[in-house]
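Take the sequences, apply the hints, and build the full model.
The listed protein sequences derive, respectively, from chains A and B.
In terms of the working numbering, the first sequence has 120 at position 120, counting the first letter as 1, and numbering is strictly consecutive.
In terms of the working numbering, the second sequence has 644 at position 342, counting the first letter as 1, and numbering is strictly consecutive.
In short, the hints are calculated from the structure, not lab data.
By construction, the Cβ of each residue, glycine as well, lies at the ideal position given by its N, Cα and C atoms.
Keep in mind that a hint or two might mislead.
What the hints assert, rightly or not - So, partial list: chain B residues that the calculated Cβ filter (under 7 Å) puts toward chain A:
# : residue
1 : A352
2 : M381
3 : F383
4 : A387
Stated by the list, open to error - Computed footprint of chain B on chain A; a stretch qualifies when at least three of its residues, placed anywhere within it, have a C-beta under 8 Å from a C-beta of chain B:
# : region
5 : 159-165
6 : 194-206
7 : 210-216
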Amino acid sequence: MANSNRRSNRRARKILKSVATYVAVVVTVGFFIFPLFWLIATSLKTRAQAFSTPPLFIWEPTFRNFIDIFLKRQTEIEAITGQELELATGAEIFFFNSFVVTSFSIALAIVIGVLAAYSFSRYKPLGTNTLMFFILSTRMLPGIVVAIPIYFFYRSIGLYNTYLGLILLYTMFNLPFAIWMMKSFFDDIPKDIEQAAFVDGSSPLRVFRKIALPQVSVGLGATIGFLIINVWNEFLFALLLTERTTRTVPVLIASTRGEVGINWGLIAAIETLYILPALVLIFLLQRYLLRGMTFGTVRGGQ
Amino acid sequence: MTRVEVKSLWKSFGKVQALRGLDVTVESGDIVALLGPTGAGKTTLMKCIAGVERPDKGDILFDGESVLDTPPWERNVAMFFQTYALYPHMSVYDNIAYPLRERKMAENEIKDIVQRVAEKLRISHLLGRKEPATLSGGEMQRVALARALVREPRVLLLDEPISNLDAKLREEMRAEFKRLHRELKRTLIYATPDYLEAFAVAEKIALINEGQVIQYDTPINILRKPRNKFVATFVGSPTANILRGVIKLGKENLLLDTGEFQLTLNKTGLRNIDGREVEVAIRPVDVVLEPVSGQNLLRARVVSSEKLGTHTIVTLKVSNVEMKTVVKGIKNYRYGEEVKIGIEGDKPLLFDAASGEVLG
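Written out as structure tokens, the structure reads:
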């Protein structure tokens, strides 16, 4: 009797423990997921529904907002003068701008970064440590500190309001990150593997392409993922250095208004479309991103 | 066929001096073993010959021509790396085919060669495996070996190529290397820390320690005429017993006074060492258990015995001096048991106690 009592006691405690675990998990995840849920929910509401109190949890979804952001002419507030302007196009131009700026700056940062990282890792040029620190130090200043000088600088050399301007700036922001991260992945490749390839008849360029690069593909995926997130989300410089033709989505979000007051449904729809690529990317790259986050702690653990 | 000359090679890695003026010449088509303990510099020497490490000083010549300025991918050397160094992102087949593809050989030709080598090394069933990291240690070793053997290089370098195989395959592979060497007639350099392997495979042995060649000789001479104490204690299993003492000249022989006991050594021709402190190497087979008669009869205590099937290694203590002996068959000796031993003093090897160099 006592025995079975104790056993059922133990089982009850076990069940309680797992229930508590699940509750904790649900609450935590809910806390982080809820804003996302509310964002998507709002994007599917009319203006009236979005403003209703108490908030609506059950309603008939509408795709009106998603149609509007592309078909309706947008107005925005000019960053410097505060003047309200009507835009010639819908949101697609902003998405296109974001896409152009992101893809070109990532491509540049990756090509330069990977080559630099490999050189630092393999050839250890004189002063490698100092150079690596210098490269990192360019990221130590908060962007806002250099915002004004860069604004005037860009205006005077004609990079203001150009794709090239933003692309170069973002490439510069991302390079330290790309170099540091990729170097650590290259450092993990055992020396003997590349030496074996040299003996087997491969020149350095072929060793890089056929032996080194394929081995860091996981790291490359992780690095690209992080860089895309950096650029896709950048707001400050996009706001400062662009005008209507080259403006990216984060700036659009900040400056979107409805005809009468703020139209939250419209903003939520833009935001939903805006986070979609990031969500898809993170989902596709989650394995790489996790590996990227733990790099340095699990050295060589492949 | 290529004659390889290594001339006073120096190489350091940071503070570690790996090679200290190492000299060795491998005649064209020879098979030479680099024998030495871990950290002796064998791998560094091989990497310098292959060209993936650049020596600080010295020269390496292939057929009389310096190759120091020839990059590794143009030296036409094949090397088996001790760490296997398989390409982790390639299948087993692609790993083995890699050196041939880098030489732009036709795919159907490559296929023939890869299959032939794989068969020889009994890894045909592994050719389709995608990830070499999932192979066992012995399998990886054979794949790496296959990659080194698919080509016909000027020089073939094998860095501990069979250390991870099981005993049976190891024996087969030793014979295979000899056969391969006869067939290919390539200059072959073979590094190993195992003297038996070196003796079995090579015609000449370069015994290396601390970045220098200590003795470069035939296996027989390494065994019978070691140049110094290091050589005498590196080859043999168990290795020679070293007794330290002072020499007294007798009429026809020498007397070694260890402080604990005296030994008579039948060595003539050494007249100028009276009173000198020396070390004497006594081979385990020269320590006889329960002798019927003979010289140097002593009492000893058994410390331990290892029964190894065909023979038993017995560790003994004579006073405070430890000695090992080998007896045939399986013998049981208890710990602490007192036994009579005889030490045969024929042709002993004497070394100067201070320098370790051989005397006489």
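Do the hints match the structure? See the list:
A distance limit of 7 Å between C-beta atoms decides the matter here; for A352 of chain B the minimum to chain A is near 5 Å, and the interface restraint holds. Nearest Cβ of chain A to the Cβ of M381 of chain B: about 5 Å, under the 7 Å cut. The hint holds. This hint holds: F383 of chain B has a C-beta 5 Å from the nearest C-beta of chain A, less than the 7 Å allowed. For A387 of chain B, the shortest C-beta to C-beta distance to chain A is roughly 4 Å, which falls under 7 Å, so the interface hint holds.
With 0 residues having a Cβ less than 8 Å from any Cβ of chain B, the region 159-165 of chain A misses the three-residue criterion, and the hint is violated. As drawn, the region 194-206 of chain A meets chain B at 10 residues by the rule of a beta-carbon pair under 8 Å; at three or more, the given contact holds. A count of 3 residues in the region 210-216 of chain A with a Cβ less than 8 Å from any Cβ of chain B is obtained; the coverage claim is therefore met, three being the minimum.
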